[in-house]
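J.: Given these sequences and hints, build the entire structure.
Chains as they are written, first to last, in our numbering: chain A, 1 to 273; chain B, 1 to 273.
There's no promise every hint is true.
Identical copies look the same in the list; a pair holds intra-copy or inter-copy alike.
Stated by the list, open to error - Once the Cα atoms are required to be at most 30 angstroms apart in a straight line, the calculated DSS-like pairs of lysine-lysine come out as:
1) Lys-201 / Lys-125
2) Lys-158 / Lys-75
3) Lys-201 / Lys-75
4) Lys-32 / Lys-125
5) Lys-201 / Lys-158
6) Lys-201 / Lys-32
7) Lys-32 / Lys-158
8) Lys-125 / Lys-75
9) Lys-75 / Lys-32
In case anyone wonders, no lab produced these hints; they're calculated from the structure. Because the structure is a prediction, the values reported are computed rather than measured.
There are 2 protein chains.
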Amino acid sequence: MSGEWRVVTVAGVGLIGGSFALALRQAGFAGKIIGVSSPATIQAAFERGAIDEALPLAEAAAQSDVIYLAQPIAKILETLNVIDGAVRPGTLITDAGSTKRAIVQRARETIRRGRFVGGHPMAGKEARGVEAADASLFRTRPYVLTGSDAELERWIDKIGGRLVRLDADEHDRRVALVSHLPQLLSTALASLIADRPEAAKVAGPAAADLTRLARSPYDIWRDIFSTNAEEIDLVLRDAIARLQTLRENLQVDPEMQGIFARAAQAASQLRQS
Amino acid sequence: MSGEWRVVTVAGVGLIGGSFALALRQAGFAGKIIGVSSPATIQAAFERGAIDEALPLAEAAAQSDVIYLAQPIAKILETLNVIDGAVRPGTLITDAGSTKRAIVQRARETIRRGRFVGGHPMAGKEARGVEAADASLFRTRPYVLTGSDAELERWIDKIGGRLVRLDADEHDRRVALVSHLPQLLSTALASLIADRPEAAKVAGPAAADLTRLARSPYDIWRDIFSTNAEEIDLVLRDAIARLQTLRENLQVDPEMQGIFARAAQAASQLRQS
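T.: Following this line, the structure appears as structure tokens:
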């Protein structure tokens with residue numbers, strides 16, 4: 001079953017789930033969107049016009065063509081433990097979790113009646129919650145899928161995402177470098193500045209740039225660290241080695257020039273892609 | 001002599017020098033601004049309305065009340081070797097170099113007729129050159145002085161800078177942490193991404209944030225590394241140790257929670273100050 005979606009359940013109507021619902025609507029989705037969340041979130045989601053109805057998970061699942069899990073990773077893992085008994089055969093279950101290996105593994109163990117395709121939209125912003133949801137959040141951003149589903153891919157395209165198909169291991173390896181390491185570099189820098197508050201008095205735009213991510217709350221990172229520990233360990237090792245190289249060559253002109261040139265090129269390419 | 005400025009020379013009419021000239025003008029400076037730069041820069045500076053006149057350094061110095069050195073650090077050091085013979089007694093000489101110890105030391109050795117006060121506006125942007133100059137560049141930004149001069153301080157205030165008085169050693173120690181380390185963290189990350197270009201395909205806003213600085217050209221950093229090597233070595237050592245702590249504690253909840261909390265607080269305070 002990969003037919004046209006009539007009923008979509010969004011479980012976890014926060015920034016990502018709410019944005020997905022608003023994006024679907026703006027892209028012309030004419031069916032029903034059911035929200036599964038806490039009462040406070042449900043109320044905010046109604047106020048944003050993100051959902052048409054609110055139901056407990058099992059009741060929502062029973063009538064949905066697709067179930068979009070936009071919860072924290074630990075909660076997605078729990079939902080995968082219980083959802084399969086509630087869905088109709090062939091129902092698409094997909095998610096928006098920031099790591100994929102643990103989630104895809106869990107789905108492989110638990111999803112029988114439904115069909116699971118892991119997902120990760122590489123989008124976000126500082127503000128959290130459905131209050132900050134934005135129909136354009138996915139526009140021009142990579143949207144990783146660990147499998148295929150024609151209707152899901154059609155909607156990703158319609159909401160402006162750029163489909164990237166990767167297996168879960170490869171996804172987790174790459175995001176360790178481009179998402180998790182940036183967070184840890186930012187946290188490390190900000191924590192060093194915390195030790196020397198007098199230095200903050202001369203901070204300019206460089207420090208502001210590099211510490212923006214450090215404001216991310218730990219509660220979303222706990223799950224990421226516990227589900228991608230191996231890959232994060234490797235990129236931290238590489239980062240430490242690279243900083244050691246910079247330290248040892250700080251005044252070795254050709255070495256530094258080479259590293260700066262390669263870095264500048266990669267940074268520019270990041271902005272073109 | 002710390003009287004009202006009638007003639008200001010800006011040596012090096014690039015982003016910072018050009019912005020200082022435009023900011024003075026916008027803040028009501030009614031005297032003459034002389035530019036000292038290469039012919040191409042002088043032409044662009046005239047086109048931007050940043051200068052009234054262009055002269056060789058010695059001729060400009062002979063008629064100026066203040067000489068603002070906004071050249072690369074190595075060039076500032078060279079200018080300090082030759083400027084003193086050209087100025088009238090008591091002429092204020094100040095600079096905008098990114099490190100202060102080497103410059104203040106050189107000025108102590110060479111400036112006799114003039115009076116030197118080291119300066120560093122903690123402002124900048126990606127684009128370079130007088131084409132990108134901006135009268136509001138210094139607004140709300142720290143402006144470090146290594147000494148005092150009433151008229152210079154008055155103009156810093158008028159152009160919106162926030163005066164911070166520091167001796168050269170303390171300045172260099174602080175900027176190693178809040179300016180030079182951010183650059184090196186950004187360059188390290190971008191150079192790791194350069195080694196794994198496939199990862200860039202899933203890069204989101206985090207990677208973009210953290211690699212923006214990595215596009216800075218090496219030519220301005222060479223001088224910074226050679227004039228602040230000791231302090232940069234120390235902050236690189238601290239950063240490596242902090243990343244090692246994060247690596248060893250990645251799944252140790254209370255430790256990580258503590259570091260994230262302190263980092264988030266410092267990052268938020270940076271934005272309030």
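J.: Each hint: holds or not?
T.: Right, here's what the structure says about each hint:
1. Lys-201 / Lys-125: Classified as both: same-chain Cα gap 27 angstroms, cross-chain 19 angstroms, threshold 30 angstroms.
2. Lys-158 / Lys-75: within (28 angstroms within a copy, 54 angstroms between copies)
3. Lys-201 / Lys-75: between (41 angstroms within a copy, 27 angstroms between copies)
4. Lys-32 / Lys-125: within (26 angstroms within a copy, 47 angstroms between copies)
5. Lys-201 / Lys-158: Answer is between: at 20 angstroms across copies they meet the 30 angstroms cutoff, but 46 angstroms inside does not.
6. Lys-201 / Lys-32: For Lys-201 and Lys-32, the Cα distance exceeds 30 angstroms both inside one copy (52 angstroms) and across copies (33 angstroms).
7. Lys-32 / Lys-158: within (17 angstroms within a copy, 58 angstroms between copies)
8. Lys-125 / Lys-75: Close inside one copy (21 angstroms), not across copies (42 angstroms); limit 30 angstroms.
9. Lys-75 / Lys-32: within (24 angstroms within a copy, 67 angstroms between copies)
The structure fails to meet hint 6 from the earlier list, while all remaining hints are met.
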